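Q: Go by the hints and put chain X with the ligands onto chain C.
Protein chains: 2
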Amino acid sequence: MINDIEIIKTESSKINEVDFDNLKFGSVFSDHMLVCDYKDGKWQAPKIMPYQPITLDPSAKIFHYGQSVFEGMKAYKDADKNVWLFRPLDNCKRLNISSKRLAIPELPEAYFMEGLKALLELDKDWIPTNDGSSLYIRPFVFASGEGFHASPADEYKFIICTAPSGSYFSGEVKVLIEEKYSRSANGGVGFAKAGGNYAGQFYPTQLAKAKGYQQVIWTDDNTHEYIEEAGAMNIFVRINDTLITGPTSDRILDGITRKSIIELAESEGIKVEVRKLTVAEVVEAAKNGTLKEMFGAGTAAVVSPIAGFGYKGTDYDLPKLDETYANFLKKRITDIQTNKVDDSFGWRFKV
Amino acid sequence: MINDIEIIKTESSKINEVDFDNLKFGSVFSDHMLVCDYKDGKWQAPKIMPYQPITLDPSAKIFHYGQSVFEGMKAYKDADKNVWLFRPLDNCKRLNISSKRLAIPELPEAYFMEGLKALLELDKDWIPTNDGSSLYIRPFVFASGEGFHASPADEYKFIICTAPSGSYFSGEVKVLIEEKYSRSANGGVGFAKAGGNYAGQFYPTQLAKAKGYQQVIWTDDNTHEYIEEAGAMNIFVRINDTLITGPTSDRILDGITRKSIIELAESEGIKVEVRKLTVAEVVEAAKNGTLKEMFGAGTAAVVSPIAGFGYKGTDYDLPKLDETYANFLKKRITDIQTNKVDDSFGWRFKV
Ligand SMILES: Cc1ncc(COP(=O)(O)O)c(C=O)c1O
Ligand SMILES: Cc1ncc(COP(=O)(O)O)c(C=O)c1O
Chain C
104 MINDIEIIKT ESSKINEVDF DNLKFGSVFS DHMLVCDYKD GKWQAPKIMP YQPITLDPSA
164 KIFHYGQSVF EGMKAYKDAD KNVWLFRPLD NCKRLNISSK RLAIPELPEA YFMEGLKALL
224 ELDKDWIPTN DGSSLYIRPF VFASGEGFHA SPADEYKFII CTAPSGSYFS GEVKVLIEEK
284 YSRSANGGVG FAKAGGNYAG QFYPTQLAKA KGYQQVIWTD DNTHEYIEEA GAMNIFVRIN
344 DTLITGPTSD RILDGITRKS IIELAESEGI KVEVRKLTVA EVVEAAKNGT LKEMFGAGTA
404 AVVSPIAGFG YKGTDYDLPK LDETYANFLK KRITDIQTNK VDDSFGWRFK V
Chain X
104 MINDIEIIKT ESSKINEVDF DNLKFGSVFS DHMLVCDYKD GKWQAPKIMP YQPITLDPSA
164 KIFHYGQSVF EGMKAYKDAD KNVWLFRPLD NCKRLNISSK RLAIPELPEA YFMEGLKALL
224 ELDKDWIPTN DGSSLYIRPF VFASGEGFHA SPADEYKFII CTAPSGSYFS GEVKVLIEEK
284 YSRSANGGVG FAKAGGNYAG QFYPTQLAKA KGYQQVIWTD DNTHEYIEEA GAMNIFVRIN
344 DTLITGPTSD RILDGITRKS IIELAESEGI KVEVRKLTVA EVVEAAKNGT LKEMFGAGTA
404 AVVSPIAGFG YKGTDYDLPK LDETYANFLK KRITDIQTNK VDDSFGWRFK V
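Just so you know, the sequences run in chain order C and X.
When you number the first sequence by this note's numbering, it's gap-free, plus one each residue, and the end is 454.
When you number the second sequence by this note's numbering, it's gap-free, plus one each residue, and the end is 454.
Okay, chain C solo, but in the shape it has when bound:
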């Protein structure tokens, strides 16, 4: 536990400028932010202050060597105005797993958890209550230490910002199964939420967009025969009545939504297989009609049904079913997240 967090409150809230009925994703920011500095070999006490610009030397290593990691979480408010998080300690632990791989000093869990709670208490009016909206939370750590030597920085900043947000995707999601580019290497940093993993996806995703797809489904960099994950979601495929998702590895992010969906589905009697999944198998299932659904799972995208996929120049449409695992599981998980139903898993966390 940490002692009282120093709080400097804003003198003029911006909340009245926000149209909570027409929120985009992650583009307006709440009044306050949490800032914690790593210097002199340790993480200093976190502080809460008005949301404000960051000033850095041009030689700060974040500009040159991509030393940064982040997390994505959401806060929900129920009908009684209680504030809820979903498995926040898992985000905290994953942030440290990412940090370790990027040679960033790990953060004390209490700084993350207590800091986050204090920030949410202060900015709880920013949590939207409309269906499908939530307060998106962005904890991140980056190298603020200076110098042009390609080596780890000696100073870092851990910051939490929050953004009232609507849904991540608008409209139908079609995906392109990638044959040329890749997201991560064996023995690389793909399992970490490292900044550099995202920038590397932008160009191939732009190429896919120009062809009419919203996302790329990454395949392994060596053979491009195995389905890995999407830009910000893990991928599930339903063949007949079995739900299949690939195993995590050092190339794939261990998604919190993914593992929750696996548990939820199993507890509802849905057969789940966690195993390597080839593109060939999915194409074959699409052709013979056994491919019923594909969907992505992630904090930002929640559960996002996929309407079709492209592969080697051919487009495959997914059937339009009345009852889908995707909709069923999406409702189950959001009902738990927003405190509409009991949570037998112990995932919900009261702020």
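Read the hints as simulated data drawn from the structure, not as lab findings.
Please note that a few of the clues may not be correct.
Heads up, the list lumps identical chains together, so a pair's fine if it works in one copy or across two of them.
[To be verified] Using 30 Å as the maximum straight-line C-alpha spacing, the simulated DSS-like pairs for lysine-lysine come out as follows: (1) Lys-127 / Lys-314; (2) Lys-117 / Lys-453; (3) Lys-283 / Lys-362; (4) Lys-379 / Lys-283.
Computed from a prediction, not measured in an experiment: that's the story for all the values here.
A: Frame of chain C; chain X with the ligands shown alone:
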């Protein structure tokens, strides 16, 4: 060509605070920097201003998605106080190759070249003249546009800073041939000078340092059987009297020093092979005494002889020869760079 670059000069130079006889690498910065903003869909006119902090919104995409690329160059001053660069247009072109892969808008070549020349003219007193020292030049581009959506930014900054620098390595360099971690994927961003490629190397390099090695030699991520490159250098191996270096690929940076060394060596009658090189072959050559030299080649490290390497728990020492290709080629290239000899290649560029 661009019109006159706006120049705001510093009011108090810091040059007298610098000990030019004891320069580290990239840790003191010259008086001015060049800044060029991308906004409203185009690169705005570059400006030169006093070296100063950069202010960014906490949601600037550089902090979250690693969208950044950079270059590394050096300026030299000869006995007549002329200022020289080495193949600068190649750095400019490579910056744009990197940018394209990272979905960053490409920069007009004139902004880079004319901006750099104007900056060097202004700060030419910062170019050290001691042997082995030079003015290290760091052009970089990063995403300053805002928002938590994982997609390319709409605003960027291109900046050039310079730092009078001593040598990159101090002392003997021993390397570890990596068996587990990797630097880049097939179809990934390894060929780009993208920030994220460097952060990913820090942790494996820390592990190697703890075992007494200064650098990691990366191998392919799939089999770890092929020698690729080092953290900031391409790698050359001399077996008997043949110099061997791996081919470039989408996993390997196309080093300007590497290609210059290949040309130089060939022009001096040294047999050069550009071909895939296995770890097994190097180990075998070390065992049977045909492995004469290994060295790294890069702008920062110039030509850095490698004293020995570790692989699968065994250390292999390189012989200590009186006359080495490394020393010979290092002298040839630095003599050209610093205008001590004729440059029949047309590499030297007068500022
Ligand atoms: C690459 C990637 N895969 C999967 C996910 C899903 O993870 P989570 O469910 O923990 O949000 C994310 C992030 O949200 C991601 O960035
Ligand atoms: C990964 C990597 N390889 C090789 C090099 C050498 O390239 P150059 O000779 O152009 O400096 C560098 C950079 O300097 C590098 O960062």
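Q: All the hints need checking, so say for each whether the structure fits it.
A: Consistency of the hints with the structure:
| no. | hint | verdict |
| --- | --- | --- |
| 1 | Lys-127 / Lys-314 | within (24 Å within a copy, 49 Å between copies) |
| 2 | Lys-117 / Lys-453 | within (26 Å within a copy, 54 Å between copies) |
| 3 | Lys-283 / Lys-362 | both (28 Å within a copy, 27 Å between copies) |
| 4 | Lys-379 / Lys-283 | both (19 Å within a copy, 21 Å between copies) |
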